[in-house]
Amino acid sequence: KNEVEQSPQNLTAQEGEFITINCSYSVGISALHWLQQHPGGGIVSLFMLSSGKKKHGRLIATINIQEKHSSLHITASHPRDSAVYICAVIGLPGGQFYFGTGTSLTVIP
Amino acid sequence: NAGVTQTPKFQVLKTGQSMTLQCAQDMNHEYMSWYRQDPGMGLRLIHYSVGAGITDQGEVPNGYNVSRSTTEDFPLRLLSAAPSQTSVYFCASSLLGGRIGYTEAFFGQGTRLTVV
Numbered sequence: 001k002n003e004v005e006q007s008p009q010n011l012t013a014q015e016g017e018f019i020t021i022n023c024s025y026s027v028g029i030s031a032l033h034w035l036q037q038h039p040g041g042g043i044v045s046l047f048m049l050s051s052g053k054k055k056h057g058r059l060i061a062t063i064n065i066q067e068k069h070s071s072l073h074i075t076a077s078h079p080r081d082s083a084v085y086i087c088a089v090i091g092l093p094g095g096q097f098y099f100g101t102g103t104s105l106t107v108i109p
Numbered sequence: 001n002a003g004v005t006q007t008p009k010f011q012v013l014k015t016g017q018s019m020t021l022q023c024a025q026d027m028n029h030e031y032m033s034w035y036r037q038d039p040g041m042g043l044r045l046i047h048y049s050v051g052a053g054i055t056d057q058g059e060v061p062n063g064y065n066v067s068r069s070t071t072e073d074f075p076l077r078l079l080s081a082a083p084s085q086t087s088v089y090f091c092a093s094s095l096l097g098g099r100i101g102y103t104e105a106f107f108g109q110g111t112r113l114t115v116v
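Chains A and B are the protein sequences, given in the same order.
Quick note on the numbering used here: the first sequence kicks off at 1 and runs consecutively.
Quick note on the numbering used here: the second sequence kicks off at 1 and runs consecutively.
The set of hints was computed from the structure by calculation and includes no laboratory data.
Backbone N, C-alpha and C define an ideal beta-carbon position, used for all residues, glycine too.
Hints may be right or wrong, so weigh each one.
Footprint (simulated), chain A over chain B, 3 or more residues, beta carbon under 8 Å [said to hold, decoys possible]:
| no. | stretch |
| --- | --- |
| 1 | 33 to 43 |
| 2 | 104 to 114 |
Beyond 10 Å from chain A on every Cβ pair, some chain B residues (computed) [to be verified]:
| no. | residue |
| --- | --- |
| 3 | 11 |
| 4 | 54 |
| 5 | 77 |
| 6 | 78 |
| 7 | 79 |
| 8 | 83 |
Label pairs and their computed distance ranges (CB to CB) [as the list claims (entries may be wrong)]:
| no. | chain 1 | residue 1 | chain 2 | residue 2 | range |
| --- | --- | --- | --- | --- | --- |
| 9 | B | 83 | A | 75 | 40 to 48 Å |
| 10 | A | 60 | B | 16 | 43 to 51 Å |
| 11 | B | 75 | A | 27 | 22 to 30 Å |
| 12 | A | 9 | B | 88 | 30 to 38 Å |
Isolated chain B, as found in the complex:
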């Protein structure tokens, strides 16, 4: 089935541990992005990519790393987990439409991460 596959769904980490959240899409979307969602706040952009080999920082990039070696995959790495990174993380993808505008955005199911 076409869509965005995000794993894992839940994760508990100890402070200082590292991990990678996986995100894959099979719709040939150029634009992929990672967000975190915290209570009382809108989704905030961590990093995004407009195509393979191209990544850029969003609003809250510190403590996170990304790469885009293929169109399909856009993993998010937590380098040294901190309690402040306890959040729900979403990956999303969409086509880049240039002057036409963007098509529908597709979201992964979310990862609930707890850092203790």
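Here chain A stands alone, though its shape is the one from the complex:
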């Protein structure tokens, strides 16, 4: 069973498009992370949020705790945004991470 489901699995966009990646989870959580993994493998944490909305540059992350759903939005997408985006939740009570399988984003110039 997957505690975290992401959609879509793959996404191709034209440069400049508005992009949304969705994450649904089935466990109680204390926080949710959005991670970015570039080709070459390194993983970077983009956001950690437990309620509401956070914005960093062109990236916006929202979470609805009642609906157990989060979205990652990228405004004015750029080829350098091409990466795999991973949703991860910190489950209660144990504090373990549960990961989605990732969304592979390709932004075409």
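With the hints as your guide, set chain B onto chain A.
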């Protein structure tokens, strides 16, 4: 520089060999963990630790051993490598926040391990 240092970046082992993947962090994080990443699957937890002297199994612990003698270090040992352990391995750390919740997670650069 603060962060998670994971070594080596690449490794090829023969079946039956043993090795240790190193992970160190200098942020005084209580929570450290090891994951493996396989094609088409999310990261899967191998072992984790909530502090020095405390370790526990994750989702896929078989064939791996860990110890946490200090806050900074959390090595992962492959006892007798098997081809099924060919994967990319990530170490991660974060603060434990209790009721406040967890802070940002920091990941190592990954180790691409091939067992032949």
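>> Flag every earlier hint the structure violates by its number, smallest first.
In response: 12
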